[in-house]
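Trainee: Please construct the entire structure, taking both the sequences and the accompanying hints into account.
There are 4 protein chains.
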Amino acid sequence: MPKIVDHELYRRELLDKCFDLFAEKGYASITMRQIADGLGVSTGTLYHYFPSKKALYEQLVEEINRQALLKVAAELEGTQTLQERIEACGRFLQKNEDYFIKQTFIMIDFCQSSDHHENKGNAVFKVTIERCLQAVCELLGFEDRGLAAFIMTHIDGLLLQKIWMKEEISIAEQFKILGRMLTLYLENKYLHHEEKP
Amino acid sequence: MPKIVDHELYRRELLDKCFDLFAEKGYASITMRQIADGLGVSTGTLYHYFPSKKALYEQLVEEINRQALLKVAAELEGTQTLQERIEACGRFLQKNEDYFIKQTFIMIDFCQSSDHHENKGNAVFKVTIERCLQAVCELLGFEDRGLAAFIMTHIDGLLLQKIWMKEEISIAEQFKILGRMLTLYLENKYLHHEEKP
Amino acid sequence: MPKIVDHELYRRELLDKCFDLFAEKGYASITMRQIADGLGVSTGTLYHYFPSKKALYEQLVEEINRQALLKVAAELEGTQTLQERIEACGRFLQKNEDYFIKQTFIMIDFCQSSDHHENKGNAVFKVTIERCLQAVCELLGFEDRGLAAFIMTHIDGLLLQKIWMKEEISIAEQFKILGRMLTLYLENKYLHHEEKP
Amino acid sequence: MPKIVDHELYRRELLDKCFDLFAEKGYASITMRQIADGLGVSTGTLYHYFPSKKALYEQLVEEINRQALLKVAAELEGTQTLQERIEACGRFLQKNEDYFIKQTFIMIDFCQSSDHHENKGNAVFKVTIERCLQAVCELLGFEDRGLAAFIMTHIDGLLLQKIWMKEEISIAEQFKILGRMLTLYLENKYLHHEEKP
DNA sequence: GATGAATGAGAATTCATTCAT
DNA sequence: TATGAATGAATTCTCATTCAT
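Residue numbers (full-length UniProt numbering), protein chains in the order written: chain H, 1 to 197; chain B, 1 to 197; chain Y, 1 to 197; chain F, 1 to 197.
The set of hints was computed from the structure by calculation and includes no laboratory data. Treat the hints with caution; some may be incorrect.
Where chains are identical, the list cannot tell them apart; a pair therefore holds if satisfied intra-copy or between any two copies.
[To be verified] Here are the simulated DSS-like pairs of lysine-lysine, each with C-alpha atoms no more than 30 Å apart in a straight line:
{"no.": "1", "residue 1": "Lys-17", "residue 2": "Lys-189"}
{"no.": "2", "residue 1": "Lys-166", "residue 2": "Lys-102"}
{"no.": "3", "residue 1": "Lys-189", "residue 2": "Lys-166"}
{"no.": "4", "residue 1": "Lys-53", "residue 2": "Lys-189"}
{"no.": "5", "residue 1": "Lys-126", "residue 2": "Lys-102"}
{"no.": "6", "residue 1": "Lys-126", "residue 2": "Lys-166"}
{"no.": "7", "residue 1": "Lys-25", "residue 2": "Lys-54"}
{"no.": "8", "residue 1": "Lys-17", "residue 2": "Lys-176"}
{"no.": "9", "residue 1": "Lys-102", "residue 2": "Lys-53"}
{"no.": "10", "residue 1": "Lys-71", "residue 2": "Lys-17"}
{"no.": "11", "residue 1": "Lys-166", "residue 2": "Lys-25"}
{"no.": "12", "residue 1": "Lys-189", "residue 2": "Lys-102"}
{"no.": "13", "residue 1": "Lys-126", "residue 2": "Lys-189"}
{"no.": "14", "residue 1": "Lys-25", "residue 2": "Lys-176"}
{"no.": "15", "residue 1": "Lys-53", "residue 2": "Lys-126"}
{"no.": "16", "residue 1": "Lys-166", "residue 2": "Lys-71"}
{"no.": "17", "residue 1": "Lys-95", "residue 2": "Lys-126"}
{"no.": "18", "residue 1": "Lys-54", "residue 2": "Lys-189"}
{"no.": "19", "residue 1": "Lys-54", "residue 2": "Lys-102"}
Computed from a prediction, not measured in an experiment: that's the story for all the values here.
Mentor: Here you go:
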């Protein structure tokens with residue numbers, strides 16, 4: 001079944017190229033023609049690979065979520081202390097800032113449109129975020145889910161800040177503060193626990 | 001003598017009522033007819049008060065920004081320790097969670113649409129955010145802008161998390177952690193400074 | 001009934017001021033609001049004096065026709081030879097060029113819109129044009145209706161030419177040629193007639 | 001392979017079929033839906049071939065001007081005397097009376113709407129009229145531009161008269177008079193020249 | 001598979017007209 | 001009388017989708 005492989009491969013390629021387009025104009029604002037033009041194909045071809053605009057969008061969201069963890073995982077190697085890891089995480093975020101902002105736009109757009117009719121979207125999200133929390137715990141070597149959520153929250157917050165005011169925020173600096181806080185927090189918790197008994 | 005209507009006042013009323021509508025469907029997805037229906041007026045009347053959908057939206061964003069600070073300022077009274085204040089802040093956020101999430105949707109939508117052509121939008125944002133930072137500093141009684149940004153970031157992050165997964169996040173808990181971290185961080189900084197000389 | 005006089009007088013004033021507005025934008029293109037603004041009144045007032053846009057327009061056309069002949073008649077005094085009269089006529093046309101062009105626009109507009117539903121418009125025109133032909137005959141001192149029509153035709157043609165290309169046509173020159181032609185034509189006709197018997 | 005349609009050719013066909021529609025209702029009065037219905041296509045198709053109502057109209061005007069001279073040129077063959085030619089011209093006008101009246105409506109409409117913002121329209125007109133004058137000179141075998149303008153003016157005038165009062169004017173008769181006048185005028189001019197030296 | 005012409009419901013916007021004040 | 005706010009049908013234009021080639 002060589003044809004099917006081609007088809008599937010090409011579908012993925014198209015999906016990849018859609019990313020920027022959806023991110024920059026938003027789901028409701030971009031037209032299928034604009035997408036087709038952006039991909040260098042005809043609308044007919046677009047419909048050959050995706051049954052509708054909505055389906056195309058949903059497949060894109062799925063694809064993004066699938067790739068998100070792979071990318072983070074690839075970035076985890078060879079770090080030792082917590083501060084080191086946090087800062088590595090910050091550098092990664094900073095390096096791919098544009099990508100993550102776009103991803104954020106797409107995801108928010110998706111939430112807004114799916115919240116109402118169906119919330120199967122949320123199912124996808126829950127899994128993804130669950131995996132992210134797990135990854136953060138493993139990555140940073142602790143088990144406190146609240147703390148992992150704290151870090152995730154901070155990352156999301158930084159992305160939003162970037163959306164608000166592109167140039168005003170230093171991700172590196174923010175991650176330095178985050179690292180120091182976490183270190184202090186964990187040390188203190190540890191001391192606290194030791195003192196307790 | 002004309003029908004007696006305070007044009008400016010009525011415009012504001014309409015604007016207020018638009019808030020939910022834009023937040024729930026998004027700028028591009030909601031139609032002027034839906035808005036008119038939602039406001040209980042005809043499309044003609046809508047256009048009598050706002051020259052275009054775009055203008056209506058921009059005026060809404062302006063109005064939101066204008067009101068944002070007033071609301072925060074009203075919430076600052078009668079708290080003592082840092083931890084107390086932070087947690088009061090958290091309660092405030094939690095109480096108005098829906099409002100802030102909607103505001104976030106609207107603002108992100110606005111960024112996405114305005115980023116490209118003009119960025120006069122960003123000017124509005126910068127001022128608003130600058131004032132927020134200032135307010136955080138005053139509220140918490142310190143001068144460290146990086147730290148204020150850290151808190152703001154965290155708040156934004158919480159809102160995004162709420163958007164991702166409505167029920168999974170406990171704002172109160174997150175703010176408890178934030179408060180403890182800040183306290184530790186500031187104490188430590190203080191010690192550090194004392195040690196230095 | 002002093003009020004009625006005022007009313008009637010004011011209606012005429014408004015009508016006069018409408019002339020330019022209708023001429024410049026055309027019946028279908030101008031809006032009642034634009035007219036009201038142009039007249040310095042509210043739309044409500046406009047509708048107080050005229051039952052509808054169509055009625056306003058028809059009253060304007062009537063008023064124009066009523067005034068047209070008065071103006072020509074006033075211009076007929078103190079000329080002797082045919083050539084002289086023709087040229088005086090040309091000067092008159094040239095002096096009021098803008099006015100006549102506007103009148104032409106309005107009339108054509110009227111024809112186009114009335115041709116289809118009703119042609120009561122044409123009745124008005126027929127009377128007016130009939131009177132014009134009569135006036136030309138009297139003015140130039142002959143009885144040949146075909147020739148009078150020839151002259152009228154030429155005047156209309158000049159107005160159209162002016163519409164096509166504002167600056168390229170010299171009305172004065174054209175009337176000089178017209179005068180000479182008519183003189184020759186009439187002389188020749190006369191000779192011809194004399195020879196015949 | 002796409003549906004096989006000669007885009008350019010079809011565009012011209014649509015344009016041709018628009019002629020009557022615009023002429024009969026006027027630019028501002030006819031709606032795109034009426035045009036689409038008149039052409040037997042959907043509004044979507046209309047917009048597939050023309051970006052806007054204005055553009056459609058402008059392309060129509062261009063097309064008309066392009067075709068106008070071709071038609072006159074085709075009519076010039078096999079005439080001898082001036083009187084003959086003039087009368088042939090008159091017959092041609094009479095035969096295509098409806099067409100020319102419609103063209104006149106369209107052109108006037110165009111002037112009225114374009115006069116104000118841009119006058120690129122006038123550029124098109126100037127060229128067209130210039131060519132017409134040239135054609136008249138060649139057709140009638142003389143060089144006097146003023147006289148050519150005189151004839152053009154008369155033709156335009158006849159069209160306007162027809163617009164005013166459809167049935168009252170005999171184009172043939174008017175052209176007979178015109179021919180005689182021109183002949184006399186030219187003979188006289190000739191004599192005059194001979195006498196001079 | 002690929003194309004882009006065709007569709008028509010639906011979007012933003014306009015405008016003659018009405019009517020409370 | 002005069003005003004201009006309110007209306008909603010009608011207008012221009014868009015766009016997801018279909019389909020003949």
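Trainee: List, from low to high, the hint numbers that the structure doesn't satisfy.
Mentor: 1, 4, 8, 12, 14, 18
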